[in-house]
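Participant: Next come the chains, spelled out residue by residue.
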Amino acid sequence: MEEGTVYSQHVAQSADAWAIIHEKFGDAVSAFDPNETMPFFEVLDLSQWQKIALFMRDHPKLKFNYMACLSGVDYPAEEKVGIVCNLESLGVLNHRIAVKLKCSRTGGSIPSVACVWHTANWHEREAYDMYGMTFTGHPDMRRILCPDDWEGFPLLKDYKVQESYHGVKVPY
Amino acid sequence: MQELDKAGQGSIRVTRKSSNVVVLEKDLATEQMLLAMGPQHPSTHGVLKLECLTDGEVVTEAEPYLGYLHRCFEKHCENVDYPGIVPYTDRMDYLAGMNSEFAFCVAVEKLLDVEIPRRVEFIRVIVSELNRIASHLVAIGTYAIDLGAFTPFLFCFRDREHILGLLEWTSGARMLYNYIWIGGLAYDVPADFPKRLKEFVDYFRPKTRELFKLLTENEIFVKRTKGIGIMPADVAINYGWSGPMLRGSGVKWDLRRNDPYSIYPELDFDIPVPDGKFSDVGDSLSRHLVRALEMEESLKIIEQCLEKMPSSEGFDPRAAIPKRIRPKAGEVYGRAENPRGELGFYIMSDGKSTKPLRCKARSSCFVNLSAMKDLSKGQLIPDLVAIIGSIDIVLGEVDR
Chain P
1 MEEGTVYSQH
11 VAQSADAWAI
21 IHEKFGDAVS
31 AFDPNETMPF
41 FEVLDLSQWQ
51 KIALFMRDHP
61 KLKFNYMACL
71 SGVDYPAEEK
81 VGIVCNLESL
91 GVLNHRIAVK
101 LKCSRTGGSI
111 PSVACVWHTA
121 NWHEREAYDM
131 YGMTFTGHPD
141 MRRILCPDDW
151 EGFPLLKDYK
161 VQESYHGVKV
171 PY
Chain H
1 MQELDKAGQG
11 SIRVTRKSSN
21 VVVLEKDLAT
31 EQMLLAMGPQ
41 HPSTHGVLKL
51 ECLTDGEVVT
61 EAEPYLGYLH
71 RCFEKHCENV
81 DYPGIVPYTD
91 RMDYLAGMNS
101 EFAFCVAVEK
111 LLDVEIPRRV
121 EFIRVIVSEL
131 NRIASHLVAI
141 GTYAIDLGAF
151 TPFLFCFRDR
161 EHILGLLEWT
171 SGARMLYNYI
181 WIGGLAYDVP
191 ADFPKRLKEF
201 VDYFRPKTRE
211 LFKLLTENEI
221 FVKRTKGIGI
231 MPADVAINYG
241 WSGPMLRGSG
251 VKWDLRRNDP
261 YSIYPELDFD
271 IPVPDGKFSD
281 VGDSLSRHLV
291 RALEMEESLK
301 IIEQCLEKMP
311 SSEGFDPRAA
321 IPKRIRPKAG
331 EVYGRAENPR
341 GELGFYIMSD
351 GKSTKPLRCK
361 ARSSCFVNLS
371 AMKDLSKGQL
381 IPDLVAIIGS
391 IDIVLGEVDR
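Line by line, the protein sequences give chains P and H. Counting with the working numbering, you get residues 1 to 172 for the letters of the first sequence. Counting with the working numbering, you get residues 1 to 400 for the letters of the second sequence.
Be aware that a few hints might be false.
As the list claims (entries may be wrong) - Within a straight-line C-alpha distance of at most 25 Å, the following computed BS3-like cross-link-like pairs (lysine-lysine) qualify:
(1) P/100 <-> H/252
(2) P/157 <-> P/100
(3) H/328 <-> P/160
(4) P/100 <-> H/110
(5) P/80 <-> H/198
(6) H/328 <-> H/355
(7) H/198 <-> H/300
(8) P/157 <-> H/75
(9) P/100 <-> H/328
(10) H/195 <-> H/328
(11) P/63 <-> H/252
(12) H/323 <-> H/300
(13) P/80 <-> H/226
(14) H/75 <-> P/61
(15) H/277 <-> H/226
(16) H/75 <-> P/80
(17) H/355 <-> H/110
(18) P/80 <-> H/355
(19) P/157 <-> H/223
(20) H/308 <-> H/195
(21) P/157 <-> H/355
(22) H/377 <-> H/49
(23) H/213 <-> P/160
(24) H/75 <-> P/100
(25) P/100 <-> H/277
(26) H/226 <-> P/157
(27) P/61 <-> P/24
(28) H/223 <-> H/323
(29) H/213 <-> H/198
(30) H/323 <-> H/355
(31) H/308 <-> H/277
(32) H/277 <-> H/223
(33) H/323 <-> H/308
(34) P/100 <-> P/51
(35) P/51 <-> P/63
(36) H/223 <-> P/169
(37) P/51 <-> P/80
Claimed, not checked - If you want the ones that stay clear, here's a sample from chain H, every Cβ over 12 Å from chain P, calculated:
(38) 55
(39) 63
(40) 66
What the hints contain is simulated information worked out from the structure, not anything from laboratory work. Just so we're clear, the structure is a prediction, and the values are computed from it rather than from any experiment. Ideal Cβ placement from N, Cα and C applies to all residues, glycine included.
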């Protein structure tokens, strides 16, 4: 974050929130990206994610009590998959921030935050269903939208649909 | 009864002490039974399957299974250009197509920097508020059917038909509109539309009160819903609830006010939140009450829009639509208040392509439904039906 730049109000609020997290966790979080449409930071040390999440939810100046969205994302160029969490302090401080996490494209895993925000429970299952990363510590790590015995992870950019499913031709 | 016990066939006896305390009589040999509710069960409002572990009449655990209506919305989005996604959003929440289109367009327009003409904004708000009423009418009507009241269902669908007629006249379709486009609208409203709309508002306002007398204040209905499926406010927020569900738990939170978009800041309307006098805050009745009261607020909004709307002179609904919709590189999370809660779109654009790199739909009922497992613990089976109905799910949006 450069000194002297003027951000709009909601970006400035997110920047303040990031500063508190950065002060506590140091290099475990990346620099703040103050873009206008979705200000975010990245968690670089995945093992700290649960602690950061709990800190973000409970710190009196952060109070991110509401997880609006958790989306899986594929980054084929970096050989990574990841998630983007849109967090918000609903009705308390009314600021928002997005958090990104990335893990390896094959067999990668991210700590689950279903114990911090219940919303994450189904959303992490969906991210696993579509991208194949597992969430360690998740209470119920199963597919949610696709059948349990579906092959492959549909939203990966290089996904090839299976030929047949239980004797039914799939690509029609 | 004791003889039965010896044979090991005794069943549990459930007695209701007060309105919502269930007492199980002890020392009865009981057996757990797995009961599959759905996916073709009318009270699950679509293809939802609930696997209930029951102990007599009491549900000890209910596990929802989804995905029966999964149509790969997000995969399709990566393969069609932005205007092509709009019809797909209709098919998510098919009871509130206008609202879904509105949410998607709001999200994309954040990355586009287009100036939306004022008349377009007013028309968008009018059609989505109309659709909100139509959606709430279905929610209330089917909820009444779940609980055994048939007449309100017919009344609701009769009135909804007027709205569908108006929307069909405007867009050419009854449910899947493709009317709100990125940067504008498909067409202007017909010349006589404001007049007919005014007639509808005058017709419908007494009907909302009629519905109150018929259903909301009905003794049987209140007995079936009051105190059932109570969700405390902080747990509701932690679950990510939004819309009428969250307001039913007593949290005054409405994206039209709290994260305003379009022309909502200029309009005057209330956000109904139950105060605990008529219902227990957070129960099924509260959620129903919010929907019933919200319809009147929507009428208020429509009336104000009709008054303030700029005239159609020299108006081109497609004037602000870019020739080639190619948002700047970046990410956005845009959202709008749908009848069922917060519908958000996370869109990632690389700045070069006319197709999104990633488009995730944050479905409101997907999130609302995720609390089902906790809500259903220890409920009676008929109460489970009352709880599902109060969540007001549309499986098209849950499964996408």
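Participant: Taken at face value, is the distance from the CA of residue 223 of chain H to the CA of residue 277 of chain H at most 25 Å?
Facilitator: 15 Å, holds
Participant: Is residue 75 of chain H close enough to residue 61 of chain P, meaning Cα to Cα at most 25 Å?
Facilitator: 38 Å, violated
Participant: What's the verdict on residue 80 of chain P and residue 198 of chain H, does the C-alpha distance respect the 25 Å limit or exceed it?
Facilitator: 55 Å, violated
Participant: Quick one, are residue 226 of chain H and residue 157 of chain P close enough, alpha carbons at most 25 Å?
Facilitator: The given pair, whose Cα atoms are some 49 Å apart, is violated under the 25 Å limit.
Participant: Holds or violated: residue 100 of chain P and residue 252 of chain H, Cα atoms, limit 25 Å.
Facilitator: 29 Å, violated
Participant: Take the C-alpha atoms of residue 223 of chain H and residue 169 of chain P, compute the straight-line distance between them, and say whether it is at most 25 Å.
Facilitator: 50 Å, violated
Participant: Since residue 63 of chain H was said not to touch the interface, does its Cβ keep a gap of more than 12 Å from each Cβ of chain P?
Facilitator: Non-interface label fails for residue 63 of chain H: nearest chain P Cβ at 9 Å, not farther than 12 Å.
Participant: Sort out whether residue 300 of chain H lies within 25 Å of residue 323 of chain H, counting only the CA atoms.
Facilitator: The hint is violated at about 36 Å.
Participant: Does the alpha-carbon distance linking residue 80 of chain P and residue 355 of chain H stay inside the 25 Å limit?
Facilitator: This hinted pair holds, its Cα atoms lying about 21 Å apart.
Participant: Starting from residue 100 of chain P, check that the Cα of residue 277 of chain H is at most 25 Å away, please.
Facilitator: At roughly 44 Å apart (the allowed maximum being 25 Å), residue 277 of chain H and residue 100 of chain P break the hint.
Participant: Within a Cα-Cα threshold of 25 Å, do residue 213 of chain H and residue 160 of chain P meet the stated pairing?
Facilitator: Since the Cα atoms of residue 213 of chain H and residue 160 of chain P sit roughly 56 Å apart, the hinted pair is violated (cutoff 25 Å).
Participant: Closest CB-CB distance from residue 66 of chain H to chain P, is it above 12 Å?
Facilitator: Given a closest Cβ separation of 6 Å, the condition is violated.
Comparing the model with each earlier hint shows violations of hints 1, 3, 5, 10, 12, 13, 14, 19, 23, 25, 26, 28, 31, 33, 36, 39, 40; every other hint is respected.
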